[in-house]
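Asks: Okay, here's what each chain looks like letter by letter:
Number of protein chains: 2
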Amino acid sequence: MADEVVLLDYLISMFGMRVRIALAEKGVKYEYKEEDLPNKSPLLLQMNPVHKKIPVLIHNGKPVCESAIIVQYIDEVWKDKTPLLPSDPYQRAQARFWVDFIDNKLYETGKKLYSTKGEEYEAGKKELLEIFKLLEETLGDKPFYGCDTFGFLDLCLIAFYSWFYAWETFGNFKMEAVCPKLMAWAKRCLQREAVAKTLVDQKTVYAAVLDMRKRYGWE
Amino acid sequence: MADEVVLLDYLISMFGMRVRIALAEKGVKYEYKEEDLPNKSPLLLQMNPVHKKIPVLIHNGKPVCESAIIVQYIDEVWKDKTPLLPSDPYQRAQARFWVDFIDNKLYETGKKLYSTKGEEYEAGKKELLEIFKLLEETLGDKPFYGCDTFGFLDLCLIAFYSWFYAWETFGNFKMEAVCPKLMAWAKRCLQREAVAKTLVDQKTVYAAVLDMRKRYGWE
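Protein chains in written order, with our numbering: chain A, 29 to 247; chain B, 29 to 247.
What the hints contain is simulated information worked out from the structure, not anything from laboratory work.
Check the hints yourself; a few may be wrong.
Claimed, not checked - List of simulated lysine to any residue pairs, SDA-like, C-alpha gap at most 20 Å:
| no. | chain 1 | residue 1 | chain 2 | residue 2 |
| --- | --- | --- | --- | --- |
| 1 | A | LYS133 | B | GLU136 |
| 2 | B | LYS90 | A | PHE129 |
| 3 | A | LYS57 | A | PHE129 |
Said to hold, decoys possible - Calculated Cβ distances over 10 Å to all of chain B for the following chain A residues:
| no. | residue |
| --- | --- |
| 4 | ALA30 |
| 5 | HIS87 |
| 6 | LYS109 |
| 7 | PRO117 |
| 8 | ASP128 |
| 9 | LEU162 |
| 10 | LYS170 |
| 11 | TYR193 |
| 12 | GLY199 |
| 13 | LEU218 |
| 14 | ALA222 |
Yeah, the Cβ is synthetic: ideal placement off N, Cα and C, and Gly gets one too.
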């Protein structure tokens, strides 16, 4: 039986981009369904009743939710091409630790730069720069987080690249100055076809953020 | 080389109990080091500099942090005895989804019952009961979340059992009335030696909560 794969997603979502990069790395064909987030589809509410969030991967009718869990699922199901999780249990635990750290910190902290003002904005900016410095320190002089090869942690982090320009602009800083090694790593990741063709243009995300600021009264 | 396993932990922590149950299930011998949380040890700060939290498993000198990640690590390293993660990728993704849900919801919501008052307390109680009903619904009529056998999700959830009495007492409800099937599941889990011998007595946790309430001015 051919696999039936459907992805409920939202174009500029970094969490959705993770899943799209993973599917591209594995060469999995799928049907992409864009969600209108203010008017979520009945299918999304049915497939992810707990969180009601994208992305949701529907594989042969069965839903998998939460981007980091979906990427692990994709890696386990389509295991012959481009392994993503490291094979060593310790390296795997480290990759999971940093993905969990990113999941709990990066989006919410980055959001403060375009949705808050004053002290909250300043604290958000300070924290975001600290997060990037910590991520750069963790990379060290390795070409990829997964050492010599692009892996789970690389994939989960590079999906945020499309948002860098928006954060830089609203935060008034330059990633190149804050974390040059991380930016060199990002360029290496972008040499992969699956990454380059999936990541949404930074200016498109920036325009979407400008639009959100108007819509939610964050200006 | 014999494995050197050290656990930095705090006796009544549900996250710590998870790791202790997993080690007991696998028959792994380890050195237990109780942390004094208001005065964290230099070893804890060195081994978990990002979160500075217990539990930390130190395996042959290398730290693994975050309880759900530690349990997966233990399952992967000591893989011959009592497999915990389901072998099927879809079941594994589902187990990871619910553990993530529990991690993000249960502790923080339960805490509201003994650390807040008024509206926040009422909202916390309502949410906690909804969480338990959802967890009961997800269990359905299966003996264990891992179907016929005790697994990753069972282990990660049963570690909260020691806290049930404190939540019931401060929340003025009875788990047996809210989620009888879940309580029957808990009794099945308690028949396992690794669970029974690890879980801290509910009255000990309750006494510790009373003490916290005094110390932090939550009364």
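Asks: So, for every hint listed, does it hold in this structure?
Replies: Going through the hints against the structure:
no. : hint                   : verdict
1   : A:LYS133 with B:GLU136 : holds (17 Å)
2   : B:LYS90 with A:PHE129  : holds (19 Å)
3   : A:LYS57 with A:PHE129  : violated (30 Å)
4   : ALA30                  : holds (17 Å)
5   : HIS87                  : violated (8 Å)
6   : LYS109                 : holds (15 Å)
7   : PRO117                 : violated (4 Å)
8   : ASP128                 : violated (6 Å)
9   : LEU162                 : violated (7 Å)
10  : LYS170                 : holds (17 Å)
11  : TYR193                 : holds (27 Å)
12  : GLY199                 : holds (22 Å)
13  : LEU218                 : holds (27 Å)
14  : ALA222                 : holds (20 Å)
Violated hints for the displayed structure, listed by number in ascending order: 3, 5, 7, 8, 9.
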